[in-house]
Amino acid sequence: MAAFYQEVYDLQPWYHDFARLGLKTRFDKREMGLGRRLVNAARMLLSLKPRQLLGTRLEKREILSLREVLGERCPPHFTNQLCKERVLIPYLTRCLKGLEEHPTCLDLFCADGYYSCMMADICPGARITGIDLAAMEIKRARTAARLLGFDNIEFIIADAWAFIQEPHRYDLVLCAGGLYHLEEPRRFLELLRPITAHYLVVQSVVTLETEDPNYFVTPAPGAQHGSRFTHAALECWLGETGWEILDQTRNELTGNRLRCDRGSSYFLCRAA
1 MAAFYQEVYD
11 LQPWYHDFAR
21 LGLKTRFDKR
31 EMGLGRRLVN
41 AARMLLSLKP
51 RQLLGTRLEK
61 REILSLREVL
71 GERCPPHFTN
81 QLCKERVLIP
91 YLTRCLKGLE
101 EHPTCLDLFC
111 ADGYYSCMMA
121 DICPGARITG
131 IDLAAMEIKR
141 ARTAARLLGF
151 DNIEFIIADA
161 WAFIQEPHRY
171 DLVLCAGGLY
181 HLEEPRRFLE
191 LLRPITAHYL
201 VVQSVVTLET
211 EDPNYFVTPA
221 PGAQHGSRFT
231 HAALECWLGE
241 TGWEILDQTR
251 NELTGNRLRC
261 DRGSSYFLCR
271 AA
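The sequence shown runs 1 to 272 under this note's numbering.
No lab work stands behind these hints: they were computed from the structure. Hints may contain errors.
[Said to hold, decoys possible] List of simulated lysine to any residue pairs, SDA-like, C-alpha gap at most 25 Å:
1) K24 with I157
2) K139 with P75
3) K84 with E166
4) K84 with V217
5) K24 with L147
6) K24 with E101
7) K24 with G98
8) K84 with K139
9) K84 with E252
10) K97 with V217
11) K139 with K97
12) K97 with I195
Since this is a predicted model, take the numbers as computed values, not measurements.
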């Protein structure tokens with residue numbers, strides 16, 4: 001059973017449900033109450049300003065606050081988490097089991113640190129770094145790791161573009177939920193090559209409106225930032241930027257309504 005902590009409750013809304021790891025981060029409307037939902041919405045409205053990590057955008061936590069106020073029965077991000085982790089957790093397990101006893105891991109766009117904590121659970125000897133530009137997300141991530149007893153994770157507030165151009169090197173790099181927010185995703189994949197010693201795991205939203213490998217638009221449809229592309233395009237970019245694809249799959253993020261936001265691609269790669 002997932003443990004309840006008041007400090008976790010006070011850090012709502014969380015992007016991931018940590019119940020699998022034994023931590024309660026998902027609270028229904030009766031537990032949250034109207035007052036909490038209104039406070040979250042007020043914080044969201046007051047914080048609307050340009051972001052510099054991935055261009056001008058709203059952070060996930062801000063969108064979640066609005067969704068909570070609108071009273072959605074099951075927020076889409078929790079539904080989508082189930083779709084993603086069915087693939088990502090087996091991929092991460094496969095990589096970590098194939099590495100030496102104390103692998104170094106990087107979790108890009110880590111948000112509340114769910115997959116960093118998952119890697120620490122799979123491989124207690126791993127040394128993990130999670131980065132995100134949102135200070136509140138890093139606060140959540142540090143709180144979750146501390147309460148779960150993971151002392152082998154470091155969470156850093158950092159710009160992803162700047163961070164990957166520093167002289168780091170990791171056995172395993174996870175890039176989940178970030179590429180489609182970028183205006184130059186192919187270039188980002190290229191920059192990951194020098195810092196990755198062994199494995200790269202990629203997850204990204206892709207459009208279902210076409211299968212054209214040349215399809216690429218920026219900004220993303222209906223947005224002022226990011227981009228949208230196809231599974232085939234992402235596969236091509238990985239090959240062109242020096243990655244050997246060991247496995248790939250795709251599914252649908254059933255929490256997303258629009259076809260341009262509903263596809264989800266997954267790649268397990270090795271440095272070629």
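Run through the hints listed earlier and report the numbers of any the structure violates, in increasing order.
3, 6, 7, 10 and 11
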